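Asker: What follows is the residue order along each chain.
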Amino acid sequence: MDKHDFAEDCVNLAIERGADPSRRDLIRNALAMGIAPAALTLAGNGAALAQARKEVVLVNFGGVAMPAFEEAFVKPFAAEGGKIVLDGSGALSGKILTMVRSKNVTWDICDSGVTSLGELGPHDVLEDIDYSIVDKSKVFPEFAYEKGVVNYMFSTVMAWDTSKIKTEPTLADFFDTKKYPGRRMMRKNSQAMLEMALLADGVPKDKLYPLDVKRAFAKIATIKKDLLFWSSGSDSQSLLRDGECVMGMLWHTRANVLIEETGGRIQYTFKDGLLQPGIWVVPKGNPAGKEAMRAIASMQKPEGQIRLLAAMGNGPANPLANAQVPAELAARNPSSPQNAAVQVKVNAEWYTANHTKTYQEFLDLISS
Amino acid sequence: MSVHASARERRAGLSLLAGTHTRYWLLIAPALFMLCVFYIYPIGRVLWMSVTVPAPGLGNYELLATSASIHKMLLTTARITMVTTVVTLILAYILAYTLVHSSPRTQRWMFLGILIPLWISVLVRAFAWFVLLRRDGLINSVLMSSGIIDTPLSLIWNETGVMIGMIHYMLPLGVLPIYANMRDIDQRCIAAARGLGAKRFEAFRRVFLPLSLPGVVGAGILVFIFSLGFFVTPALLGGGKTLMIAEYIKVQILEVVRWGLGTMLAATLLLLIGGLLAALSRLVNLRKLFGAG
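Protein sequences appear in the order of chains X and R.
According to my numbering, the first sequence holds residues 54 to 421 in order.
According to my numbering, the second sequence holds residues 13 to 305 in order.
Simulated coverage check for chain X against chain R, where a stretch passes if three residues somewhere in it have a Cβ under 8 Å from a Cβ of chain R:
1. 143 to 155
2. 290 to 304
Computed Cβ-Cβ distance ranges for the label pairs, DEER-style:
3. X:D279 with R:P222: 46 to 56 Å
4. X:T223 with R:G241: 39 to 49 Å
5. R:F243 with X:G317: 29 to 39 Å
6. X:I312 with R:L135: 19 to 29 Å
7. X:E221 with R:P68: 48 to 58 Å
8. R:G69 with X:A394: 49 to 59 Å
9. X:T159 with R:G241: 30 to 40 Å
10. X:E69 with R:I160: 34 to 44 Å
11. R:L103 with X:T223: 45 to 55 Å
12. X:E69 with R:A140: 11 to 21 Å
13. R:L223 with X:T159: 56 to 66 Å
14. X:I312 with R:S153: 25 to 35 Å
15. X:L418 with R:P68: 30 to 40 Å
Hints were generated in silico from the structure; no laboratory data involved.
The structure presented is a predicted model; accordingly, all values stated were derived computationally and were not measured.
Even glycine gets a Cβ: it sits at the ideal position worked out from N, Cα and C.
Kindly generate the complete structure, drawing on both the sequences and the hints.
Answerer: Encoded structure:
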């Protein structure tokens with residue numbers, strides 16, 4: 054069975070769409086921005102320096118994230134004389150914990166999320182992010198945490214089937230099965246689902262945190278018999294595409310593909326969505342030490358982040374990148390100022406303190 | 013003289029026997045070593061973790077009695093496992109009965125039908141059910157267009173869907189032990205019962221059925237144990253709403269990292285299955301059932 058994190062889903066999504074075109078796009082985009090030639094010339098000089106610097110092992114979920122990360126992050130870092138080695142085996146919380154506990158840490162940087170901060174926080178297995186090296190001004194400040202720092206942005210959004218719902222629905226309509234009969238889908242994880250249930254119930258955006266879990270559960274329970282729960286991103290895509298659901302909450306990357314696949318039959322809105330960061334975490338006692346922090350700092354550059362947006366749909370984590378995003382990519386960029394303004398930003402502190410417990414309770418609620 | 017000779021022969025025979033034993037042990041030593049290192053030791057660690065993480069003691073096992081979440085999950089697991097086992101056994105019995113009483117040519121075709129699904133990945137089969145059972149899937153569209161129903165039946169994304177998928181998976185595992193047992197029943201017993209004046213059904217009920225019960229029990233154990241730890245089908249066909257023990261353990265180990273709880277449930281499952289097998293071994297000869305001896 055596949056794991057269900059956003060980072061991994063990006064990879065699956067790219068696989069389903071065919072890997073080669075995105076790689077070509079990447080290189081084409083890189084050339085268009087005039088970065089690749091510069092990187093190539095610098096890479097020669099950098100190689101000698103790299104001998105002295107430690108290798109940084111960066112773990113993502115493999116597949117097509119490999120060439121995408123290669124272009125967006127590895128080559129620019131090599132141009133500065135560093136070296137990132139990609140490992141596509143996927144850094145699940147359980148695996149990081151095993152590694153640190155057995156004192157056999159081979160990973161330096163892991164592509165993770167806010168829920169992992171909560172899951173791993175109490176076990177004290179993550180290094181503090183060194184903000185004397187990583188530049189706090191190059192990320193959205195609310196997504197720079199003690200044990201992790203944002204690497205890219207993604208959103209959980211509401212999508213609907215225009216053949217059954219003619220006008221753009223609101224979150225309140227999602228919970229109104231009289232107005233729009235039919236099944237809905239949510240993610241099989243409390244993350245983002247609670248926020249959207251509360252917004253639908255009339256909680257103002259700025260009063261969302263701390264989440265009123267009881268109220269959110271009560272709201273979800275009102276339509277429980279009409280709900281399906283997806284675990285992998287591809288599930289969410291097929292449930293809407295095949296007409297099994299009339300509305301659904303899913304990741305914006307999947308929603309983008311649905312619009313293409315269905316010729317616009319499925320539409321989505323960033324309005325009242327939840328803007329979430331993907332997060333770099335560094336396992337405690339990582340082999341490359343501080344070099345990992347220098348690699349993270351290098352990956353903050355806007356150019357690489359825009360390449361990632363073009364290849365995988367992940368929004369830049371560096372606010373400075375937004376001005377450079379090409380117009381055709383801006384509408385689908387979850388972290389563009391226009392799109393960010395209509396969304397709520399996830400509060401990681403709340404997740405660190407509450408997610409493990411709430412997630413279990415959510416599973417108990419939805420399991421019949 | 014002859015007494016001495018036979019004693020000597022016996023001694024020689026004994027030492028030869030001891031030698032054979034040592035050689036046998038040496039032969040299986042590598043396998044035994046592998047089993048200990050790669051199987052017994054990790055399982056030992058799982059058991060150990062269940063009483064030491066997060067704190068030493070039986071705190072994790074206490075949750076079995078106190079946690080409503082675990083109760084609910086165990087009930088779901090028990091309910092689905094029981095229904096799956098019972099329905100599978102009934103269907104498997106009918107199939108095996110037909111199989112035994114068919115011509116060799118029909119038997120070959122029937123076996124093909126039973127065995128081919130066994131070789132197809134459980135994932136592929138779950139997706140095939142998805143195509144058949146969903147809202148505008150084959151079954152619903154046939155029923156709707158023929159006017160039998162006017163709203164689509166909820167055949168998937170619930171426990172019904174999970175059970176359909178699981179029973180389909182378990183059916184070959186149920187048919188094969190029952191068939192093996194029925195094949196060995198002496199048909200003359202039934203003929204004798206009929207000759208003594210029993211009606212067809214009575215001959216079946218009082219002669220054939222009792223003779224075939226060991227096969228049913230064996231199939232029951234096999235299906236029950238497989239169903240208890242089933243993961244893929246409930247996760248795919250349950251619409252995210254059917255949480256059984258295997259998925260629950262996965263969430264604990266990989267996602268919320270509550271290893272003590274996860275290992276406790278794994279240990280409980282292990283002990284439960286061990287206990288079931290021990291109890292059943294008193295009722296039936298398990299070695300014979302699974303083909304040994």
